[in-house]
Amino acid sequence: MVVLDPAHGGTDLGARGTEGIRESDVVLLFAAQVKKSLEFQGFQVIQTRDANDNPSFDDRSARVNAQRGAVFITLHVASTGLAGTARVYVMPEIPPTEHRNGLIPWDKAQAPFVGLSKKLGDLVQAELAKRFKGSPTTALVAPVRQLRTTAAPAIAVEISSVSVADRAELDRMVPGIADAIARGVSEFKLSYVVPTIASPGGGTQP
Amino acid sequence: MTPRWVIWLAGILLAAVIAAALYFPSLRHQVDKVAQLTEKTAEQARRELIPPAPVRTGGPMVNAKLYWGTRAQDGTLRAVIVDLPLSDDPALRAKQVLNTLLAGPVDPEARTLPPDAALLAFYILPDGTGIADFSEALGTSIPSGIQSEQTAVESITRTLDANVPQVQRLKILIHGQEVDSLAGHLDLTQTFQVNGSGLAAQPAPSGTSIITRPIQKAYEKMKAATKR
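These protein sequences, in sequence, are chains V and L.
Counting along the first sequence from 1, when you hit position 48 you're at 48 in the working numbering, and nothing is skipped either side.
Counting along the second sequence from 1, when you hit position 221 you're at 427 in the working numbering, and nothing is skipped either side.
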């Protein structure tokens, strides 16, 4: 399963361009197309929002944390960056925490998944680099708030940018972004094993 | 009513008018005094909220390394050498370099922090954690996005790393409070590594130290505040 997160929404418009382009609108369009491409590859897809509402960071994380074996992709459009490029971000290493009662602390939910997120991020970024010249070839590292509380392989995809003169420039990127994400996730799925968390009895918990 | 009562009543009214005429100027004087006091208190509060960055005036100039962005706004940072009269005190030194960073580079396109943001306070804890308290404009005026928010924080951490070695890590507060994210993306609940975050220094275009006009203005403001 893939959980898609069109960022912002509601009163939070996200990045805003001079031509009236709003990140919260654009990411909904991107999400719809990415969902189609992922479903075409055989994935079940749910979204953290389908309309102009704004779930909290934790509400969005809760959607994916309730699933087993899911991956999480949050979609963003930047204010800056070379127009027509796309970047994937993953969380930096989070110091290990003792898992009492076999539970992962909510605020460090990403900790056991950082390595898997990096792998997923690199695969999606490599696909994006093929389609969008000037994009990095490997995933970048940034402490993105939404990713920290996500207990799954999780990446943020950011597209540049709301500052384009014409919204059509962004719309033209939609098929390439959707295809790159779908291919990257498909490749990741082949080697994805859900990590096990140590339990108090010394055993492991899937 | 007899004429005698009328005379008494007129007399009382006349006495009240005379008393009021004598009392009102004194009352007005008191009201003005209270208003002046309130005005001073508000000004005092403002000054306490935004203390002027102290400057060691007349001290030797030091080559400070400041990290601003580039015109491409692609997340890359560029070190610029600026002559500053830096304090020996690490917390004051941090305030000086961050206020200069906020004042901005020559090219406004290379700015990494919003021009209306202000540094309200800077403290260093014994374990080397620097606490930088910024005004709300840091979060509300910065261009929203992972890249732009990361560039802003990196320009701060790299500038601190290059000039204030005592700061090992950085915690950013907004108006004295911990906030979830900078502008919807970058996580501000954690600390940022400062020590070792520096880029290799790149010389200024001319190859010599430069002081930009906004920086010069910031100096003048700081010096004036110190003299006061």
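Simulated from the structure, these hints should not be mistaken for lab results.
Given the structure is predicted, the values throughout are model-derived calculations rather than measurements.
Heads up, the beta-carbon is just placed ideally off N, CA and C, and yes, glycines get one too.
Possibly wrong hints are sitting among the right ones.
With a straight-line cut-off of 30 Å between C-alpha atoms, the simulated DSS-like cross-links for lysine-lysine are [unchecked claim]:
| no. | chain 1 | residue 1 | chain 2 | residue 2 |
| --- | --- | --- | --- | --- |
| 1 | V | K118 | V | K36 |
| 2 | L | K271 | V | K108 |
| 3 | V | K118 | V | K130 |
| 4 | V | K119 | V | K130 |
| 5 | V | K133 | L | K377 |
Where chain L lies over chain V, by a calculated footprint (3+ residues, C-beta under 8 Å) [claimed, not checked]:
| no. | segment |
| --- | --- |
| 6 | 4-17 |
| 7 | 76-88 |
| 8 | 153-166 |
For the chain L half of the interface with chain V, some residues (derived, Cβ under 7 Å), not all of them [unchecked claim]:
| no. | residue |
| --- | --- |
| 9 | A324 |
| 10 | S347 |
| 11 | Q374 |
| 12 | H391 |
Please check whether the segment 4-17 of chain V has three or more residues whose CB lies within less than 8 Å of a CB on chain L.
holds (count 6)
Hold the hint about A324/L up to the distance rule: shortest CB distance to chain V must be less than 7 Å.
Hint violated; A324/L Cβ to chain V Cβ min 21 Å, cut 7 Å.
Could you grab the alpha-carbon distance between K118/V and K130/V and see if it respects the 30 Å cut-off?
Holds - the C-alpha atoms of K130/V and K118/V are around 18 Å apart, at most 30 Å.
Check of the segment 153-166 of chain V against chain L for coverage (Cβ-Cβ below 8 Å, three residues minimum):
holds (count 4)
With a cut-off of 7 Å, does the beta carbon of H391/L approach a beta carbon of chain V closely enough for the hint to hold?
holds (6 Å)
Tell me whether the statement that chain L covers the segment 76-88 of chain V is true, taking a Cβ distance below 8 Å and needing three residues at minimum.
holds (count 8)
Please verify that hint: Q374/L, Cβ, nearest Cβ of chain V, below 7 Å or not.
violated (15 Å)
Given pair status - K130/V, K119/V, alpha carbons within 30 Å:
Answer holds: K119/V to K130/V is near 17 Å, not above 30 Å.
Between K133/V and K377/L, does the CA-CA distance stay at or below 30 Å?
Outside the cut-off at roughly 36 Å; violated.
Decide if the proposed pair is consistent with the structure: K118/V and K36/V, CA atoms, cutoff 30 Å inclusive.
Holds: K118/V and K36/V sit about 24 Å apart, inside 30 Å.
Holds or violated: S347/L as interface residue toward chain V, Cβ cutoff 7 Å?
Nearest chain V Cβ about 12 Å off; hint violated.
Verify the proposed pairing of K271/L with K108/V, using a straight-line Cα cut of 30 Å.
With a Cα-Cα distance of about 35 Å, the restraint between K271/L and K108/V is violated, given a limit of 30 Å.
Hint compliance for this structure: hints 2, 5, 9, 10, 11 are not met, and every other hint is.
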